[in-house]
Each structure stands twice: as structure tokens, then as C-alpha cells.
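There are 2 protein chains.
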Amino acid sequence: MRPNILLFGDSITQESFRSGGWGASLADAYSRKADVVLRGYGGYNTRWALFLLHHLFPLGLTKPPVATTIFFGANDAALAGGTSERQHVPVEEYKENLRKIVRHLKECSPTMLIVLITPPPIDEEGRMEYARETYGEKAMTLPERTNETTGVYAKGCVELARELGVRSINLWSKMQETDGWQKKYLRDGLHLTAEGNAVVFEEVVKVFKEAWLDASEMPYDFPHHSEIDGKNPEKAFQQKCL
Amino acid sequence: MRPNILLFGDSITQESFRSGGWGASLADAYSRKADVVLRGYGGYNTRWALFLLHHLFPLGLTKPPVATTIFFGANDAALAGGTSERQHVPVEEYKENLRKIVRHLKECSPTMLIVLITPPPIDEEGRMEYARETYGEKAMTLPERTNETTGVYAKGCVELARELGVRSINLWSKMQETDGWQKKYLRDGLHLTAEGNAVVFEEVVKVFKEAWLDASEMPYDFPHHSEIDGKNPEKAFQQKCL
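Chains as they are written, first to last, in the working numbering: chain A, 1 to 242; chain B, 1 to 242.
Mixed in with the good hints, there may be bad ones.
Any copy will do: because identical chains look the same in the list, a pair fits if it lies in one copy or spans two.
To be verified - Taking lysine-lysine and the DSSO-like style, the derived pairs with C-alpha atoms no more than 27 Å apart in a straight line are: (1) Lys-240 - Lys-63; (2) Lys-63 - Lys-106; (3) Lys-63 - Lys-235; (4) Lys-63 - Lys-33; (5) Lys-106 - Lys-155; (6) Lys-155 - Lys-100; (7) Lys-100 - Lys-235; (8) Lys-33 - Lys-235.
Source of the hints: derived by calculation from the structure; they are not laboratory data.
So here's chain A without its partners, still in its complex pose (with noise of 0.2 Å):
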């Protein structure tokens, strides 16, 4: 009966039901008018997500989400010749794949509302920080992701985004308008701590709401109990259950 909303992703779209997650408020914020599925795979890339696409979004669904994020790039842009080069996909490969994305989708559902998000920045310093806590003497001296090549990536998302004509949502320009964004919106250089998760959410529900997927012009799924007559329940409930 509710619409879905999908979050497909890395994992920062996975770890977007933790406390204070962008996942969760989105939930929240459309609780008893859409249900908001999470789809996020941790260090995933958008090679490997092409191998889900079909079993995520099957052609001739009964009812596709009307409304899809597409998250990915923070490991696509894990540097070649880095640790991390095993999740590496080239910038014209990244394009491509999220162009075949887009198009599967738009097959399943001409009208469903697509969000192209770009990764979020990376602090280097940050990333560093985090390998030699978790590592010790074993970290990686030489980054394996840089904000430059991630803002690559992200310049990529959102020109596709433009040509293909749905909507994309900045985030690696967008959180570096803030000062201290490296502590402020990332825990570990790359993940999202809760006010960065606050970012997220923000941008997402302006996009929605653009386009009209707004939750407070939305009917709720059932009465709400303000409507129900204590002594004659059956009234509220006559349109829609009876």
C-alpha cells in the first residue's frame, strides 16, 4: 500500500540505520506514508553493484520504488596502486556504470525519482589517522584515497546526472562549504559521522521534496488517531478498511 523508498549504496548507505544515520531519519520522517528499504553494501563499487541490479530491481515489479538513491564512488575511488586498489574502478568505467544504473531503473519505472549522490570528500589526514589506530605499525604510509581524485569521481556523478537528466545531490562540493568539515562530518576520513549523517539527510528530503516527494504534503496510510471518534471508531476507519 506505502510506497518504497530504496537506498542503494556503499556502506554509507549500510551503516545509515546506525544512531543518528540518514537512513533512519528518512524512515522517520516517513513513517505511516513510505517505507524506506535499505540496499547497502559495504566496499562495494559500481562494478560489483551491476552484478545486483537485476536482482534488486527485477524488470516487471508490481510495485518499484518511486524513489531510488544511487550512492556509490567512495570505492570506486580507492587509488590505483593503493591498499585499497582491489576496489578501484577507473572514472569513465564509474560513469558507465552508473549510466547503466540509471537506464535499468528508468526501465523498471519511467517515473520513479532518481538521486545521483556523490561521495563525500575525503580528509586524508583523517584516513591516516584511522589506518595506524586499526593497523598499528602496519599502516599504509602512502594514502589510498584522496579528496582530488574523489572530487574527479564526484565531478563525473554529477555531469552524468545532467545529462541524463535526473537528479544529483553534491556532496563532496557541498560539505566542503563548511568549515571543519575533515572532523565535523567524518568520523575516519570517509564515513559520515552523525552531524555529516545530518547532511545527508538534509539534501536528500530537499530533493524529494523538489520533487514532490514530500512527506508533509503526503496522505498517511491510515487515520490519524486525532480522526478516530472514541465511541464510533468504525467512521475514521470506513474509507479505507471497511
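Got chain A; can you put chain B on it based on the hints?
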């Protein structure tokens, strides 16, 4: 593909995806393994919940939830004659309504894990403070809920669960085992703080584990990224996706 875990209840369920909420924590714990579906209806009692039953759980569903939490009673236990009288349901009817809900779910799926959760205890003083802060001089001077009365509903809920052979969580008793439960677990004498939410989360996970619905024992829907060979990703996806 993933099983569904459905949370059916009143406001304490509806707001369970706020920061630190027990529903969001469940979604996070079962991420990549099961979907947590939010069906919380603020202000609802079991009498009104019955109107939704066949809509939320139609017979013949191809994929009924593998587990459902039923978490009502906080509104049923509003005092007859108090300011929330509209929501009051006598305890015998409350038990009868819960019985109808359980019976219907069993009909939907004989293997569904059903967990009845009692209402939390009431901090009467906290409830008064909240009323004064919210309504000022117009605030009620008599309690609309008492801890003793809510305890009668909690007892009825647990007895019914035993009679029907389904699992239950006596939240009313559990919370009162901790000194200072009034402010520690309840933010307005009735609804849960983050610490109160953590108690519900822990208790639900405990019951789920006892019933073999243990996230750590459940398979990932798709390969963990560490299992994917960067040079030959097809291999990891072969079993599930090719």
C-alpha cells in the same frame, strides 16, 4: 529475497526510527540479512489496530513476515474517566484483541515468530511534568495513566502470550528492575529515551536469538566485499547472481 521483520504497534513503535531508536537499531543489526518494516501507529489502541489487521497482513501473502512484534497497551491502559479516556480499552478486551491479532498472524503464516511486548511502565510524575510543560495551566491535574493500571495490562499480555504459546517481553517489569528507571528510560513519563530504546532493542534481539532468528547466523543476501576477487569478481557472484 530477504525476509521481513515487521514492527506493529503504537507511538513507541512509530517513533522507533528516531536517533537511537530500537527499530532503527534492529534494521542496522539485520542489515544485508532482513528488512525491518515499520508499522507503528501513534495513539492507537488494540481496538483500532484491529481495523488495520487484514490490510497490513492480508491472507495469502506470498511473503509474510518471518517475525512480527506486537507492541500495544500504552493507550489501551489510559484511564477511563481521564483526559485520554478516548483511547481506553478495558483489559479483558485488550487481551481479546491481542488474541485476535495473534490468531490472524498465525493464519497468515503458521511459522511466523510472534513476539508480544507489554507497555513500558508509567512515570506518573514525569507524565504530569510533561502535561504542565505542554499545556501550562490547562494541564490535567489527575493522572491519565497510572503505573499500577498499566501493570495490569502488562500482566494480561504476558499471560495471554503464555496461553497462546507465543513469546513475550515484559517491558513493564524489566525496566523497573533498574534504579531511576523513571527518568533513565522515559522522556515524558511514557515514551522512551535513547536508553529506554536500547532496552527494547536488547530484549527483542534476545528473543529473536532464542528463536533462531539471529543476525550473526543468517546469510548475507549477496557476497561480503572481502570475498570478491578484484580481478575476477564474477566468481563471487556466480552462485547468486549469474
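Evaluated hints:
no.	hint	result
1	Lys-240 - Lys-63	both (20 Å within a copy, 23 Å between copies)
2	Lys-63 - Lys-106	both (14 Å within a copy, 26 Å between copies)
3	Lys-63 - Lys-235	neither (30 Å within a copy, 31 Å between copies)
4	Lys-63 - Lys-33	both (15 Å within a copy, 21 Å between copies)
5	Lys-106 - Lys-155	within (22 Å within a copy, 53 Å between copies)
6	Lys-155 - Lys-100	within (18 Å within a copy, 56 Å between copies)
7	Lys-100 - Lys-235	between (49 Å within a copy, 21 Å between copies)
8	Lys-33 - Lys-235	within (21 Å within a copy, 40 Å between copies)
Checked against the numbered hints above, the structure breaks only hint 3 and satisfies the rest.
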